[in-house]
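All chains, full assembly: derive it from the sequences and hints.
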Amino acid sequence: MQLPLSAGQMGIWLGHELDPTGHAYNIAEVTEVDGELDQDAFEQAWSRVLEEAPTFKAVAVRRDDQGELRLIINDARAGISRVDLRAAPDPEAAARRFIQADMDQRIDLEAGGLFTFALLRVADRRFLYYARGHHIACDGYAASLLFRKIGAYYTEIVTGEPVADAPPVAGPLAETLAADIEYREGPDFQEDLRFWREHAGSASPVKLSDHWAARGPAAPDPGVVHLRRSGHVTPGQTGAIAEVARELRTRWPVLLIAATAAFLHRCTGRTDVVLGVPVTGRTSKLLRATPNLSSNVVPLRVEVNPGDTLRELVPRVSGELRQALRHQRCRFEDWQPERTAGTGWGTVVNVMAFDYQVTLAGIPTVTHNLSLGPVDDLSLGFYDRGDGSGWRLDVDGNPDRWSRDDLATVQGLYQRFLLAVTALPDAAVGLFELTTADERRRMLIEWNGAPAAAPQGDLATAFARQAALTPEAVAVVDGTREITYARLDAAADALATRLTDRGIRAEEPVAILAERSALVVLTTLAIIKAGGAYLPLRPADPPARQEAMLADAGVRLLLTDAPAGLPVEVLTVSAADLGAPAPAVPPSLPGDPDRLAYIMYTSGSTGRPKGVAITHGNVLAFASHGRWLDGDHERVLMHSSHAFDASTYEIWVPLLTGGRIVVAPPGQLTTDEVARLVRAHGVTAAFLTTSLFNLIAGTRAAAFAGLRTVLTGGEAASGEAMRAVRAACPGTKLVNAYGPTETTTFATLMPVDEVDGVPPIGAPLDATRVYVLGPDLRPVPAGVSGELYLAGWANARGYLNRPAVTAERFVASPFGPPGSRLYRTGDIVRWRADGVIEYVGRGDQQVKIRGFRIELGEVEAALTRLPEISQAYATAQETAPGVKRLVAYVVGAEGHTPEPAAVREGLRDTMPDFMIPAVVMVLPALPLNANGKVDRKALPDPEVTVTVGREVSGAAERALATAFAEALSVTRVGASDSFFDLGGDSIRAIQVVTRSRSAGWQISVSDVLTLHTVERIAEKAVPAGPETAAEPSAEDLLALDDDDLAALVSALAED
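For the sequence shown, UniProt numbering gives the first residue as 1, with consecutive numbering after it.
Source of the hints: derived by calculation from the structure; they are not laboratory data.
Certain hints may be false.
Cut-off 16 Å, straight-line C-alpha distance, at most; resulting in silico cross-link-like pairs (EDC-like, lysine to aspartate or glutamate) [what the hints assert, rightly or not]: (1) K285 - D180; (2) K57 - E110; (3) K207 - E43; (4) K733 - E634; (5) K57 - E43.
Shown next, in the form of structure tokens:
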């Protein structure tokens, strides 16, 4: 027999085609039978049901001669598999293996294998009846009906008496199909369509995993399709819930749905809570009597506010449910065609109220559901057997979104919340805590350590005190020059006097534009002594961006070591200033920890960079952390761009603790020079961006040998890179550092001794307190993802001249004294059980590329300022495995067709190189979703555009073109294609060098970065000799000019 597919079956077919596992749509149950079962009678009853309900004899879905999909039903008499496992060492375990193997089997709808029925004998008087079917032919109601019919017919066969309450005889499948067609062609279907489109067309489901599932350090279990955590609600608890339901004049399933809506509101802060409720879809006697696929999942849209009580929510849920049931036959694929079966409503509450009290001629049975098909995000399944044993609660999770540990955490939280909220139906749902008192004490107090004392005085006073303690100790080493604390103090006083003579006032910003040298330390200290606030500029930034920062901060004076064409007053400094004698009367200001110390600009979401205002107290608090006194930070390598906040660590930690700054030489820096500095000056510690650390770890991990401590941060750490360095440098400590500019460089540190997976970001510094909070600013439980908030003396004053943005990111703290604030990082993290924080990801539009913090809104604003572009959307994507790049999608202005290369070039006047998209995709329009937002899933995959120029020729050009293509993940490279236009950056420049040398051609990183094209680089390429290493030379790893590639030589992202 062949039957056409119903509308519901078509949706399941499409969902199956999109399922990469091939078995997500399995529905399975196992029934325990304990007693003297007559196997022949059981099979006879089972066969009778299948003859009556041929949907269970479906074997395949195939196309007919006209190309229409048909359900193929085997007309032959079916037989059940009997498997005797009594001889196995562990029969129960053998049965579980049999069942799991069948459930994991990939189903090919065309080839067959839609059903498996087996009677497994595990003991003389114990059997397991296993039934597994594809959702395209049955649903949960059908599976329940099947076994109830088996029970009735078995009892009749064994006893000779028909069962009085036996299920009715099933109708023909063809009649159910005809009824479905009649419904879909009639007015009821149109009315149902109209209702759902109006009522839920704009509904956005609540996906708890978007807020809570880790999906970070603990990756979901690979290969798992059915992820379940089962629990038990005791008879006493179920009785209490049922009693509350009666008091609220409702049924307990409605109460459970209302409590779940309240739970989702508490977890996410959503007031428009949308969840899914499975319904049978059986609105007639024919459908109720006939096993087939009729079930549906309908959305319930419930408004939940923090002040609402369960008593107030129950009538809302009841009203929503009544409306949904009136329109339950209309499938969501009809009114939301972009969705496929088995997806769509985030969290589903499934109350299985089917009759599970089935006996086989007096033999009791217990049925356990094993799978109900695919899960969009989270499914909460309640089973009430009606025997007084309580409820079983199955929490199913989408394995792409949840790990087993996450699911266990949510199950425990949900049950605890359910019992609490139903016990107090008149209490506001917003008052119920998700954590216990012990958990809150641990997270808020124990894991944060003892509060640090408020910083006193200012940086000038603190440095003067240290200089008086160790006047003859070396403070700064720059090449062959050693500058003592006394000499640096005198020179800084002299320069500070010149600044005050020019009218520099307290907190007045003074800019610094200089190459890396001791002059950077001198100018920084002099501005602090004069009472001003230093504003470091990055030499590589375009003049337009530098001018914008100067104007925003109101700078009138610039200190520089070279001519600068900027529209401000300029004071040129030189090496002679390092030897200037102390003035008779040095500048002196009251030691105020609240005075502004420096301004550091970061990317801004509105298209305008934000100036982070850091005070003296912030720096003092940061520099007072106990780790800096462990002996590892006595001599710190200064090689970061002054415009990145790691310079706070490299300058102020040694200066305020009696240590030594070892200044790396300007310009190009090699690992050989780093090794020489370590040997010659005893460098003990250095910080590197994650990108640079990973690069060196992957090419020459032993380069870190000799350092006592290496700190790395700025992006999610690489466990593989950490392991490589641990193996190559066992005597070097590794520390994973985390912290935004707004909290003064580092907020947390994690010593990495053993690397298992992604290293966590650790525990807070002495002056910092950390909070992992939900949307209501209340702590989320350990193991649950929440947004990271930071508090303490290192928190910045705010953003310069940006009160609205400051108020948005620096919020009032509910955990401290009046006036205390929390900095909202936008980072999603979670506590581990041992008080260590794991990084999960970002919660906003901020991304990290090569260690640089980038607000996508600023990139989009810069793009739309170009006259040829009307709309823009920026994102960070993996354009190849492990290759993360900034991608821009643009729409041309009327009369314009943007050229990707021209767009990138147009941004260079105002944007630093790390904020220029590696790939620009020109679209006729940005795709939008139902809510009018850019539909990220509909965006085309990024493609790097190559120019149509001369083909490469000659051995050198061919080798270089291949190296370009492999490093940049493009398919073709011409002779005139630019390395940067193809998406190149400093990291990939080194990869080009590596691949070129492996192919027998020697080039340098500098060649790639300055010559750009294959044909020009080939002119300088020379055949590699036998002594040339394939991996980058010592010169390559750090042979990158500060001005052009701060991501590598500077070795520090802002965070």
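*asked:* Holds or violated: K57 and E110, Cα atoms, limit 16 Å.
replied: holds (15 Å)
_Distance restraint between K57 and E43, which requires alpha-carbon spacing of 16 Å or less_ = holds (14 Å)
*Would you mind confirming whether the straight-line C-alpha gap from K207 to E43 stays at or under 16 Å?*
violated (43 Å)
*Would the pair K285 and D180 pass a check requiring their Cα atoms to be no farther apart than 16 Å?*
holds (14 Å)
*Hinted pair K733 and E634, Cα distance within 16 Å*: Distance of about 15 Å is within 16 Å: holds.
Checked against the numbered hints above, the structure violates only hint 3.
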